[in-house]
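A.B. asks: Line by line, the protein sequences give chains A and B.
The end of the first sequence is residue 1830 by the numbering used here, with every number in the run present.
The end of the second sequence is residue 344 by the numbering used here, with every number in the run present.
Keep in mind that the hints are not guaranteed to be accurate.
The calculated SDA-like cross-link candidates involving lysine to any residue, where the alpha carbons are at most 20 Å apart (straight line), are [unchecked claim]:
#, chain 1, residue 1, chain 2, residue 2
1, B, LYS252, A, PRO1418
2, B, LYS185, A, PRO1418
3, B, LYS246, A, PRO1418
4, B, LYS263, A, PRO1418
Partial list, computed: chain B residues near chain A (C-beta under 7 Å) [claimed, not checked]:
#, residue
5, ARG184
6, GLY188
7, ILE191
8, VAL198
9, ALA199
10, LEU200
11, ALA203
12, LEU206
13, GLN208
14, TYR209
15, ALA214
16, VAL245
17, GLY248
18, TRP249
Please keep in mind that the hints were generated in silico from the structure rather than gathered at the bench.
Backbone N, C-alpha and C define an ideal beta-carbon position, used for all residues, glycine too.
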Amino acid sequence: MTQTSKVRSWFEERLGLSRLMAPLMYKPLSGGARYQFSVGSLNLLLFVNQVLTGIFLMIYYVNSPDHAYDAVKYIQRQVDFGYLVRGLHYWGASAMVVSVMLHVIRVFVYGAYKKPREIMWVSGTLLMLLVLGFAFTGYLLPWDQKAYWATVVGTSIPGTTPVIGDSLVRLIRGGISVSNLTLTRFFAIHVEVLPWLLVILAGAHLTVLQIVDHTPPWNPEKAKIEAPFYPDQVFKDMVLFLLVFVGLVALANLHPAPLGSVADPTVKTYVPRPEWYFFFLFQLLKFFQGPYEIVGTMVLPTLFIVLMLLLPFYDRNPALAPKKRPVAMACIGICVVGYITLTAMAALSGKPGGGPSTVSVSKGKLLFAQLHCDSCHSINGVGGQVGPPLDKEAEKRTREWLIAHFKDPQKMSPGSIMPKFNYLTKEQLSELTDYMQSLK
Amino acid sequence: MTENFSDSRRKFLGYAIAGMGGAVALGYAIPLIQYLVGPAMAPQEDSWSLVCGAQDVPVNDPKSITFVSNVKSGWQTKRVQRDVWVVKKPDGSYTVFSPVCPHLGCAYNWNGQERRFICPCHGSVYTITGKVVAGPAPRPLDTLPVKIENGNIYVKYEKFRLGIPEKVLA
């Protein structure tokens, strides 16, 4: 007996892990080992990736608006392999959303939500919502412009709820606006609440799977094929995860996780866009304006979630083969095509461009301070009263008028006592105008 | 019908799983360990700091000067109070000594009568050039990078390992 076998049998005698695990590991899978089945395992392994890289990110991260951005910049640019750890976490989040969606589609097509697997489906749907919750709360943490403004918009959505809307927004943000209190509660939810909920729900999901077994292929011939979970299915799971891991490493190197400029609540020209997986909602909101806004913000998403949760209870058709479930297949088809179309529309249409860059606005803001414009003009009620308030004035004027006015105020507004700023360069005039127009 | 699994196929798959799992585990472990260790082992970085005006130090009369240095600590830059010994040599150049005795880290002083730097802890004695003339100190006083700009003395504060004959950054 080798030393390794001796150690193994010593533990085996005391813990009996092999005996305990054998029924799970060697359980025959009807339909044999398949890559389609690996997507569920991939979800779990990607979650492990998120937890592992998340813990390491927390080593240098600070959940305070004063330091969060600098800490993330430090991780991204200075810590050894920091870009990789953050990249694995950032791209891992996207991979997890894709993987969860593929898993949901696979389960739907296999009819795996039907009796006796209703609890699997309901817990799975809740797990999907948790993954989206992770994505939403994690987005704010770098505290850059994108994070801040996407959260401002995202947290405004519940505000369209009748009666309780305002209170709901305050509750989510921890106050009236997105602030340090939003960051600390999002951080707590992201690293404590959601992970534990996910562990509990995923545990329940996998425990129930052992009881109800996975759904065999609808083709009876294929269903007769059997293969043990270990090593056949585990081998395929590992191949898939290895490929995904290599892909994540490549993405982290070729397209490092983005980090824009630090969050600036005073810049009003920033066009916030959510991460790609929320594009569908972003695009949907464009279709519902004014009094119908609530349809896009609350009614449709809530209806969709309720319909998903209750699916096993109203789809009583016992057939598993897609051919015998035309209505169900049409529904999933519409959902998938709708999601892809809305995502593509948002990706193609909403590309920022045309508007002034945030850098230009920031430079203009700096010039505004350096030239002491605020000694005569006010913005949001702060500043001098000699000249007109600029947050109201910029609305009335064109860009050309503003530039001409800076150069020669008396020419554009006869009687004005404002000094001439004709010594400013063309770029400086443009930056100052960008800042003025951002105040609209 | 159960597929026919030979022992060798099962073994092969087992090794393949272990190989792939090991590769992924190494793929995580190597960068994560370096991520953890790198910043901990990085030397502390002070910026060049204004110490005093060059005219404030008389020739051959060491001055202990306290100044504020910007110290980078991870993502944060802190303002830290430092002190150094500045010596103006007869040729008009300057030497700046770390205030830390290279023996075991005590603060030493200049004795104007004996014209020696003397460490009160274990009795190490140094000349005005930093050379050891008595006591257990294993090396001369540690000099710091110095530059003169616009009539001011700038120093980059550094820390060194103690108790060894070589001057090595801590």
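A.B. asks: Would you mind marking each hint as holding or not holding in the structure?
C.D. replies: Here is how each hint holds up against the structure:
no., hint, in the structure
1, LYS252/B - PRO1418/A, "violated (62 Å)"
2, LYS185/B - PRO1418/A, "holds (18 Å)"
3, LYS246/B - PRO1418/A, "violated (59 Å)"
4, LYS263/B - PRO1418/A, "violated (86 Å)"
5, ARG184, "holds (6 Å)"
6, GLY188, "holds (5 Å)"
7, ILE191, "holds (5 Å)"
8, VAL198, "holds (5 Å)"
9, ALA199, "violated (10 Å)"
10, LEU200, "violated (11 Å)"
11, ALA203, "violated (10 Å)"
12, LEU206, "holds (6 Å)"
13, GLN208, "holds (4 Å)"
14, TYR209, "holds (5 Å)"
15, ALA214, "violated (10 Å)"
16, VAL245, "violated (15 Å)"
17, GLY248, "holds (6 Å)"
18, TRP249, "holds (4 Å)"
Checked against the numbered hints above, the structure violates hints 1, 3, 4, 9, 10, 11, 15, 16; every other hint is satisfied.
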